[in-house]
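If you want the building blocks of each chain, they are given just below.
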Amino acid sequence: MPIKLPLLLKILVKPDYLPDLDDSEWDLLVRQARASSLLGQIYYLVMEGGYLESVPERVRHHLQSENRYFEAQKKSVLWEIDNISGTLAHLDTPIILLKGAAYLKRGYSVSRGRIFNDIDILVRQDQLDRIEASLKQKGWLSTHLNDYDQRYYRQWMHEIPPLKHHTRGTVLDIHHTILPLTSSNRPDIMKMFDASEPLVNEVNISVLSKTDMFIHSATHLFHESELSHALRDLVDLRLLAEEQGSELFCNELTNRAKELDLSWPVSYALYYLKTILQYQPAECNHDHFGGKEEKTVPLFLAPLFTRAFMPNHHSCTNFFSPVASWLLYIRGHWLRMPFYLLIPHLVRKALARDKNKKKHGRFFLTNLNKGKDMNKMLGTIGLVVGVAGLLLSLFAGIGRISGSYYLMGFQSMTLLNVGISMMVASCMVKLYSE
Amino acid sequence: MSDYWGVDKQFPLHWHQWGDMHAVYHPGSGQTHIVDNLAAHTLKLLETEPSNTAELVTKLSKSLDMDKDDDLYEYIEKALDEFKRLGLIAYNKT
Amino acid sequence: MKLADISKTDLSNRLKNEGIRLRIGPFVILLNTRIEALSSALKLLYGESELAIDGGFSDFHISLDAPAGLRGYYRPQVLFYFDGQVPFKPLPITHAFPLFEWGLNWCIAKYVHQYLILHAAVLEKNNRSIIMPGPPGSGKSTLCAALALRGWRLLSDEMALVGLEDLSLTPVTRPVALKNESIDIIQRFESDAVLGPLSYDTSKGTVAHLQPPVDSMSRYLEKSGVSYIVMPRYSPESSNEVREMQQSSMLKELIRNSFNYNILREEGFRTACRLVDACGCFTLDFNNLDDALTSMDRVIHNSVNE
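Residue numbers (my numbering), protein chains in the order written: chain A, 11 to 444; chain B, 5 to 98; chain C, 60 to 365.
It is possible that some hints are incorrect.
Stated by the list, open to error - What the simulated footprint calls covered on chain C by chain A, stretch by stretch (three residues with Cβ under 8 Å from a Cβ of chain A suffice, anywhere in the stretch; the number is not a length):
#1 110-117
#2 133-143
#3 158-172
#4 319-329
To be clear, the hints were calculated from the coordinates, so they are not data collected in a lab. Every residue, glycine too, gets a C-beta built ideally from N, C-alpha and C.
Using the sequences and the hints given, assemble the complete structure.
Next up, the structure:
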């Protein structure tokens, strides 16, 4: 833990401090909260505590503006859910709202002030085609049009390529399970379907059970590779836990997490709720997870996540932040998609297809009377260029992830592209020299 | 034509009038539309209670003292289609 | 203290270090930059702006800087930072001042929803204010500059901030952005007009900013009531003519030219309708500035039809 707690965390832990803030502290708080997508949450903490009068006028405008933005989003999302529900009503299959949309529809406190971009729904995999077809008839278009992306999503991901409404611009993510098909965790999604709860006054719209909502949110947070909203997600978890309001919650949560084989994200969540937000759901102790809390998060991961949960603002970052976010980025990808399986598989597939061609197609190579030395030299050049390209890409990639727009005076994306081009070129040279 | 259409109570319309022209705001879509007297009247009838085309023709002809003829029927069919397209009215579930 | 009261070296030092807290209309902007050219442009064009004392709450934390490294020598660029985030692509360093202006517009449009914000110029004369909404090419900015140079009080060139409760107009008096041929037109119209540096080849062509009148700048806290909405339409072929505009059509124009109508929802609808109710609504076709100015005078003297 850092020695000095960022102001935003102090306030999230103890909102009673709000009326005592002076103008400069408000300045810092608004910036930290805005950068962490938690300004809406601050507005509600102010309202809940009845502190609005004590907030400087200038600050009040920012809080109220954020709330207006939220209210507008809320109405348009509720309207969009109505449209989606109507479009899919004739299919007679449950549509389970996930995350932001579900919180809104349920009216949970976690929805208050929470800004989100896409509507996420979960549907049965065997109904995907019908659902997609119905939506496409009503103006929803696929955002990823090329074949590779389409195949990529459908083969490896837990969702189909997002759809976008052609006039309203809303983006709809359709999931058929909660984690990518390639990830090491493969919870039995049917169990979540079975426990889902239909909404009153709705024909075909359901939401996950409260416990499953918590588990889903925790699972996502600790599988994520981009943790720029980590703190917001942790606050979500606190509000979801508070929403349960039952003393049995912890027992239920533990048993359910075991049943779904998702115990570890839940125990991570409880651990960080306690260490970062100093919150512990009623009756929760770590006996529930059969061990001491220190053991739940591996030693090398704990400080990385602690860093990631700091406000996403330059006043709260240090030299370690970019390193931590880069390592977590790698970790996230590793969990969701094991490269050691994926890359060889893809390469093998690509080569297998080319083999047939090669028998006839290499005439232009064999016709060239290449000397052995020539080959060797080309091979060396290829190797050098390839390694240089790889290093450059890594350098640019790390730089970009750690937030530098510019490296050595060039846009980091330019460097990344150059690096990739070098690697591609080296592959061609190596192929040619074989 | 026994389909009943109405304004979704979740998204009540907001009105403003300038002479023969009416501005109507739909809180769901967030869109504002400018409509004439007859269209405004039709929409307000649907706001009060869901109706089908035949009922609308009767109500309109009564309240605006218009002939209950094919023109009116055709007009209402068209207006309903437009309202549906704009999301102002929804198929009445009850 | 005003920005103009700080010496040139002092200003660039402060901009490089702790920054200045500039009062622009109702906002306080904490501004940092190491770019000397921007520092002098600010001194020229925002010279009459008040500075807020250090510390306290700033509405927007803005800095503009060239990215470090080799790129600083080869076709140098400038980036706009909003509290450390970079919302836009970099521009050539010569576009630093327009980038500041556009960036500030972006901040206001994105984060300020206590007003209905219209893409419109606002001017006042004899306690009568006119909102002039206008898409690019309507001649709005040129006409706005001409009116400001002829004694009208400039409340805004780009954004009308309309109070949701009382329909009052809050000034955000800033330099008037002139594009392409408008720059020459205004220089010919008033040889004393003070223009900032020219930025060539921006996304809007050549851009230069007109220094706002001293009187308008000093009255930056003085709200005004609204009396008229006039849609200017410049065309070399048209004759000068003011015509009343149908209220429902004006509502549509206001919505089309609004930055946050979709966010204010019902509140926006109510405010826009009330605004139309409260104002005389006109279109103004014009082909030269002098006649347009006469027409604007006729509008505020209620003598359009005479």
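Verification of the supplied hints:
Counting residues of the stretch 110-117 of chain C whose CB lies closer than 8 Å to any CB of chain A gives 4, which reaches the minimum of 3, so the coverage claim holds. A count of 4 residues in the stretch 133-143 of chain C with a Cβ less than 8 Å from any Cβ of chain A is obtained; the coverage claim is therefore met, three being the minimum. Interface restraint, the stretch 158-172 of chain C with chain A: holds (3 residues with C-beta to C-beta distance below 8 Å; minimum three). Against chain A, the stretch 319-329 of chain C contributes 5 residues with a C-beta closer than 8 Å to a partner C-beta. That satisfies the three-residue criterion, and the hint holds.
Of the numbered hints given earlier, the model fails none.
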